[in-house]
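Taken in order, these protein sequences are the chains called A and B.
Under my numbering, think of the first position of the first sequence as 34, with each following residue one higher.
Under my numbering, think of the first position of the second sequence as 596, with each following residue one higher.
Hints in this document: simulated from the structure, not taken from any laboratory.
Cβ coordinates follow ideal geometry from the N, Cα and C atoms, glycine included.
A few of these clues could be false.
With a straight-line cut-off of 25 Å between C-alpha atoms, the simulated SDA-like cross-links for lysine to any residue are [what the hints assert, rightly or not]: (1) B:674 - A:46; (2) B:808 - A:157; (3) B:808 - A:43; (4) B:808 - A:37; (5) B:625 - B:757; (6) A:114 - A:44; (7) B:674 - A:146; (8) A:114 - B:625; (9) B:674 - A:327; (10) A:321 - B:681; (11) B:808 - A:44; (12) B:625 - A:36; (13) B:674 - A:191; (14) B:625 - B:716; (15) A:321 - B:679; (16) B:674 - A:80.
Selected chain B positions facing chain A (in silico; Cβ < 8 Å) [said to hold, decoys possible]: (17) 627; (18) 631; (19) 638; (20) 679; (21) 683; (22) 686; (23) 688; (24) 747; (25) 749; (26) 819; (27) 823; (28) 824; (29) 826; (30) 828; (31) 837; (32) 838.
Far from chain A, some chain B residues (derived; all Cβ distances over 12 Å) [unchecked claim]: (33) 637; (34) 714; (35) 797.
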Amino acid sequence: MPLYLPIAELSMDVFLVVGMGAVVGFLSGMFGVGGGFLMTPILIFAGVPPAVAVATESNEITAASVSGALAHWRRQGIDVKMGSVLIVGGAIGSFFGAQVFTYLKSLGQVDLMISLAYVVFLGSVGGLMFWESVRAILRQHRGYIPPKVSREDRHKAWIHMLPFKMRFRKSKLYISALLPLLIGMLVGVLAAIMGVGGGFIMVPAMIYILGMPTNVVVGTSLFQIIFVTALTTIFHSVNTQTVDIFLAVLLLFGAVIGAQVGARVGFKLKGEHLRALLAMMVLLVCIKMGFGLVVEPDELFSVAEVSAAGAGH
Amino acid sequence: MRIVFISLMTVLLLLASRPAGGLVTDLSNKRIEIRYSFDGAELILFGAVGSSAVDPVNDAFDVVVVVRGPEADTVVRRKENVGGIWINNDNLVFPAAPGYYAVAASRPLVDIAHPTVFASYGIGFDNLPLIARSSQGLAEPDPEFRQALYRLRASENLYRQEVDSVSLVAEGLFRTDVHLPANVPVGEFIVETFVFQEGSLKARNRIRLNVDKEGFERAAYDFAHGYPFWYGLTAVLVALGAGWLAGVLGKK
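Generate the whole structure from the sequences, applying the supplied hints.
In structure tokens:
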């Protein structure tokens with residue numbers, strides 16, 4: 034059943050779109066990740082212009098994060114103060130990310146930037162995750178238990194020398210506000226140029242750099258993602274008019290159903306096996322994106338309409 | 596469609612039988628509305644040649660129909676290998692490339708008239724006045740870019756040449772199908788009909804065709820482009836509502 038998407042300006046099959054949402058939703062439910070880093074590339078592979086894919090996915094992530102954050106809110110798993118600092122950073126990052134996005138779009142280089150960002154971030158995060166999970170699986174086979182490192186010991190000395198210290202009661206931390214601000218900014222930039230929530234960077238950063246307790250990490254990260262992707266959606270709407278609400282709602286519909294099923298499957302698998310699987314998938318997307326950059330394309334030329342706002346297609 | 600076709604044919608037959616008739620054409624639909632289910636459109640162009648243009652009964656004639664979509668600044672980019680990766684490195688802007696261009700003819704163009712004849716009327720992709728704008732100013736385009744524009748647009752069914760044919764139905768009557776793909780640009784189209792006989796133009800006429808987003812699609816597009824901030828805010832509110840709903844339903 035074809036549906037004409039008025040903003041993307043193309044006709045897509047409704048079942049294909051809902052199906053893509055469901056598959057990504059299934060995987061994100063199973064692995065407990067946002068899924069933006071899978072959905073955006075899949076949309077691009079399906080023929081959606083990369084700029085529309087990134088902007089629309091921001092909109093979908095807002096919705097997906099709300100339902101996730103609600104669950105964590107009920108369990109009191111959100112550090113609102115920490116989240117607010119991360120949001121301020123995220124807003125700054127997203128603003129500049131969207132500016133860069135708009136500028137590169139007018140130059141015809143936005144697709145390149147999206148691919149490069151995916152290859153670099155998915156490659157490094159996927160590689161690290163794969164290494165970590167394989168090591169955990171091997172250790173378990175040998176029966177090795179790594180010594181526990183206490184939360185306080187994770188902090189490096191330089192972190193305590195930074196100014197603007199702030200107390201975060203819920204996270205039981207007294208650290209410089211600059212750290213979460215910078216992490217938030219990086220995540221904001223990624224949200225604007227990659228169409229991701231940025232949880233895959235933010236969650237490890239919260240655990241290993243900030244030293245937040247794990248019970249508030251995911252909730253606080255989702256809390257930040259709601260606001261930053263919402264802002265990103267508005268920035269992209271204003272700058273490039275590339276947000277397609279209809280596409281976002283259809284994807285969300287599929288994702289909600291898929292996530293329910295995925296979560297049930299996820300419970301049956303071991304943590305390190307899940308992480309290894311997820312890492313492999315991340316690397317697969319990264320390799321696919323990377324191939325597009327290094328292999329000589331069949332068609333070297335591309336055609337786009339130049340409009341006043343610099344919007345392609 | 597069939598009823599439209601028959602009734603139009605009747606009208607045209609009456610027109611054609613009148614001795615003073617020149618060239619008359621009409622489209623089965625002059626206004627194409629792009630709505631949610633839009634998956635392209637098929638139109639029929641009917642025409643009749645009266646005896647003042649050619650003598651359709653006694654002499655063979657040829658018909659060429661050119662459908663041209665709205666012109667727009669169009670950029671063609673070429674990827675080049677820079678440091679191991681393929682990036683858009685070179686580009687050329689065609690300030691007046693039609694978004695749609697289709698040529699249908701009753702016979703292969705080479706059999707109808709000499710190429711210079713087509714060139715003088717601007718018929719055929721090769722005869723489109725496409726001047727390119729590059730960093731060196733206006734110039735005759737690099738043929739590779741021009742060919743790429745044609746090739747890419749043809750692969751999307753937006754440029755069609757020597758694909759569709761005009762069928763000569765009866766004495767002085769002809770018809771052709773106009774195929775508009777789903778990704779057809781919106782705007783005003785010009786449908787030009789040329790009648791050739793023995794290699795020279797005998798009659799021509801043009802009619803207009805409008806393609807536009809309608810109803811909800813129009814409203815959504817106008818909203819997104821006219822009030823982008825409010826559109827973005829709406830998108831966020833829809834997402835918040837949908838996410839909240841999903842969260843509440845998912846809990847049960």
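task: Just pull the numbers of the violated hints for me, sorted ascending.
output: 1, 2, 6, 8, 13, 17, 19 and 25
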